[in-house]
Amino acid sequence: MYFDSIAAVIDMNGHGLYVWLAYAITVTLLFWLLWAPLRQLRVRRLWVIAEGHRRAVSDEPQSESAHQRDEADKTFSDSSETQG
Amino acid sequence: MSASDQPSLSLGASFFRQFLRHGKALAASPADLLNPLLFFFMVVTLFPLGLGPDPERLSQMAPGILWVVALLASLMVSGKLFASDFEDGSLEQLCLAQHPLAILALAEVLAHWLGTGFLLALVSPVFALMVGLPIQALPVLVISLLLGSLCLTLIGAVGSALTVSIRRGGLLLSLIIIPLHVPVLIFGSTAVVEATRDGNAVSWLALLAALVLASLALAPLAIGAALRISLDNG
Amino acid sequence: MWSFIHKLGSPPWFFRFGGSLVRWLLPLTLILLLVGAFWGLLVAPPDFRQGNSYRIIYIHVPAAVVALAGYYVMALAGAISLIWRIKMADIAMKAAAPVGAVLTGIALVTGAIWGKPTWGTWWVWDARITSMLILFFLYLGVVALFEAYENKAAAAKACAVLSLVGTVNIPIIYKSVDWWYSLHQPASIKFTGESAIDASMLYPLLLMIVAFYGLFAVTVVMNMRAELIWHHRQSAWVRQWAGLD
Amino acid sequence: MSLLIATEVAIERGDRPLLRGVSLCVESGELWQLVGPNGVGKSSLMRALAGLARLGVEGAIRRQAAALFIGHSSALKRALTPLDNLRLHPACDMPVDDQQIARALRSVSLAGYESVPVGALSAGQQRRVALARLLITRARLWFLDEPFTALDTAGCEWLEQQITGHVASGGAVVFTSHQQSRFGARQHDLDLARYVSL
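Each protein sequence line maps, in turn, to chains R, D, E and F. Under the numbering used here, the residues of the first sequence are numbered 1 to 84, in order. Under the numbering used here, the residues of the second sequence are numbered 1001 to 1234, in order. Under the numbering used here, the residues of the third sequence are numbered 2001 to 2245, in order. Under the numbering used here, the residues of the fourth sequence are numbered 3001 to 3198, in order.
Hints listed in this document are in silico derivations from the structure and should not be mistaken for laboratory results. Incorrect hints may have been included.
[What the hints assert, rightly or not] Some chain R residues judged to face chain E by a derived CB distance under 10 Å, without partners named:
| no. | residue |
| --- | --- |
| 1 | F3 |
| 2 | D11 |
| 3 | H15 |
| 4 | W20 |
| 5 | V27 |
| 6 | V48 |
| 7 | V57 |
[Unchecked claim] Sample of chain E residues lacking proximity to chain F, with all beta carbon distances greater than 12 Å (derived):
| no. | residue |
| --- | --- |
| 8 | P2046 |
| 9 | F2048 |
| 10 | G2051 |
| 11 | R2085 |
| 12 | G2105 |
| 13 | V2109 |
| 14 | W2119 |
| 15 | I2197 |
| 16 | V2210 |
Just so it is clear, CB atoms sit at the ideal spot from N, CA and C, and this is done for glycine as well.
Sequences and hints are given; from them, build the entire structure.
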């Protein structure tokens, strides 16, 4: 160990502020780099599961309104294509 | 009607045809020719207003000012390079031509350069005198701007080809192109600085010429690929 | 060998392969980072001229090195996607760009903070820091171009072209900035000196560089896995992975 | 002699599959119309067959002859005159002199408009300048995307003559149109509804 006491580590004879500031920023950015994809994977997994349930619901015999809404969605998405 | 014995168009003829077409279209709207010059004129006058009228200070910064403004003028103009061709469908037809898209696109870029960067370089001595650039540096300034503007236009054309299918692509064009303009700016302005100090401007001009040759060789490949991609995105 | 390369191209296979890779590479990288930081911060001696502020080198240099290497990795993925039209290369490029940008940002921030005690100013137009700033703009250009395209398949191809153009320009930019810097301020000291640094400082630095490379690989693979799930959200293997069937 | 061979072509828009498994062989002297409901992918397939689109297109498309494509946009510079536009057209594939162009413009009843900037012409007239290209091309394979739109009856008749003339002289035409089987028995229909991929 180069330093003999915790105080010396914090102070680093005057340069402590800059060194610890640089390391703090780096650690937060690196943590965000690692954490973001994991969170994104979890969010997308929940979406897939939710989509699975929506799909399961729409496969069973639907009530009239749900069926019409699906029909409307389908034709709407077709005509929104301006040209083939 | 379609007798197959007639010789089809040679590459040179197609190249010249595309060059003429873009040149005529550019010449037909004088605003496109005058805009860069007016822009250069106005922005150069901003610097003395910002930095103070002291001629000594201005002439010391003149090479940098002139070159940065030339770069901005080239950037402003690059956006419009392929825009009209993309909207009126000429780009689609260009893909169907028998000759490689990269070469025909190069013809358009050269015509565009003649109408913008080339004129800018010829007129630049007038602006140089405004910011007090020493007289002996004028020839080097014009040569560096001639070479530099061709290089800037070629690189700007790559950016224009990449962003032509994006609606408000102007700002994005600057973001992706300015880093690529840095070497041209450094070599060009340093050449003029050396000329003011009677140093050896020639070596910096040689570096600029090397960049021009590299861009002439490589940029068309990127432009051709980028135009095809923009068509698929359009 | 070829069957391995071929399998890499298939999403479900790559997703599982990436998963097992991350399972051991992530902890290893974290351990290396901790050991390296501890070694550089507390064990290694300070620089005789700059004092303890020199310890910032253990994050500044690795971030800069991996950021530059990351740009070439991204351009390589772009070239593969353009030449062989492999969709997985598009996803690799989209995953690598933000990671590289953040690493370049880290290198810039730590470089600026390091400049304060050394030269008294927060920003110093040193050749290396200036080139790093331009590399940062190159990264931002690629990320912004990707977001601007509606058709994401075309976006990947456009970013591939831009990153290849960038790759050709990086050596020219670095050289021109070096000459620009040496022309205007020849006398001032070199920032991260080529002066042979002492072994006691070199080993923690090398360890941190390896750790940062590991970090780059792990984050890119994790980004790719997240992207693959979204890209194939309708397909059966994703639903199976989510535990539906 | 087959001018266009397309096997197992699949078209994607963004990441949404439109068509799959489209196979087509166009022999010289044949006239094909791509038929299908609005939005099924007629234009996208046409652009893929003409070689304009590569991304999102799978399958093998081989054109054995030079192709000409006329789509919705007329590929004309508004600031240039019809004469310049046709002489310097980007896809022009043969040396053309002014007499040929003047004759072509006369044929689409635009005599006298040779030196009027295209921007000053009406939409119908611009459309006819674009279609005048059919008279000055050596391409044997024509791709016409909705060519009959914005054309009056005289224009439609003229276009029908050009198409039948071109097909009779050994060329081939692939076109899309809202009207059904305008050429009756002489045309082959490719109904895209069969290839829609869900």
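Do the hints match the structure? See the list:
At a threshold of 10 Å, the smallest CB-CB gap from F3/R to chain E is about 6 Å, leaving the interface hint in force. Interface restraint check for D11/R: the shortest CB-CB distance to chain E comes to about 9 Å, inside 10 Å, so the restraint holds. Restraint check, H15/R versus chain E: the minimum CB separation of about 4 Å is within 10 Å; hint holds. Using the Cβ-Cβ criterion of 10 Å, the hint placing W20/R at the interface with chain E is satisfied: the shortest such distance is roughly 9 Å.
Given hint, V27/R at the interface with chain E, holds; its Cβ is 8 Å from that chain's nearest Cβ, closer than 10 Å. With a least beta-carbon distance of about 4 Å to chain E, the hint placing V48/R at the interface is held under the 10 Å criterion. A cut of 10 Å between beta carbons decides the hint on V57/R: the least distance to chain E is about 13 Å, and the hint is violated. Once the 12 Å rule is applied to beta carbons, P2046/E is consistent with being away from chain F; the minimum gap is 55 Å.
Every beta carbon of chain F lies more than 12 Å from that of F2048/E, the smallest distance being close to 59 Å; the non-interface claim holds. Chain F leaves G2051/E outside its interface by the beta-carbon criterion, the shortest separation being 56 Å against a cut-off of 12 Å. The claim that R2085/E lies off the interface is violated: its Cβ sits roughly 9 Å from the closest Cβ of chain F, which falls inside the 12 Å cut-off. Annotated as non-interface, G2105/E keeps its C-beta farther than 12 Å from every C-beta of chain F; the closest such distance is 31 Å.
Every CB of chain F lies more than 12 Å from the CB of V2109/E, the least distance being 37 Å, so the non-interface label holds. The beta carbon of W2119/E is kept farther than 12 Å from every beta carbon of chain F, the shortest such distance being approximately 50 Å. Against the 12 Å criterion, I2197/E stays outside the reach of chain F, whose nearest CB is about 49 Å from its own CB. For V2210/E, the shortest C-beta to C-beta distance to chain F comes to about 38 Å, beyond the 12 Å cut-off, and the non-interface label holds.
Hint violations for this structure: numbers 7 and 11, all remaining hints satisfied.
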